[in-house]
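Participant: Counting in the UniProt record's numbering, the sequence shown runs from 1 upward without gaps.
One or more of the hints may lead you astray.
List of simulated lysine-lysine pairs, DSSO-like, C-alpha gap at most 27 Å [claimed, not checked]:
| # | residue 1 | residue 2 |
| --- | --- | --- |
| 1 | K79 | K43 |
| 2 | K43 | K31 |
| 3 | K31 | K72 |
| 4 | K79 | K31 |
Read the hints as simulated data drawn from the structure, not as lab findings.
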Amino acid sequence: MPAVPDPVRPRYLRTPDAAVHLGLSPRTLEKHRCYGTGPVYHKLGGRIVYRPEDLDTWAEQGLRRSTSDPGKGVVHPAKRIDGYTGPVRR
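Build the full structure now, drawing on both the sequences and the hints.
Facilitator: Printed below as a string of structure tokens:
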């Protein structure tokens, strides 16, 4: 009986596939990229790609066992974290 080969895992994921991997929308992942709060990525030519291991590492920073658990790190929301609020429209 021939051995069943292991399924091939992609080495890199484009933004829509990376978003599915994390359970986020692609737009949220794009915002994380702009604000510097998301997972590390590679830019190959004009394409943005993510390694699945980097996505998992980033997501692990938000691991908690309870609401009082400080955890290992922080996964920030997809918004500016430097205090900038932008211009006020009147």
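Participant: For every hint, state whether the structure bears it out.
Facilitator: Hints, verified against the model:
Restraint check for K79 and K43: satisfied, since their Cα atoms lie roughly 21 Å apart, inside the 27 Å limit. Straight-line distance between C-alpha atoms of K43 and K31 comes to about 16 Å, which keeps the hinted pair within the 27 Å bound. With a C-alpha separation of about 23 Å, the suggested pairing of K31 with K72 holds against the 27 Å cut-off. With a C-alpha separation of about 7 Å, the suggested pairing of K79 with K31 holds against the 27 Å cut-off.
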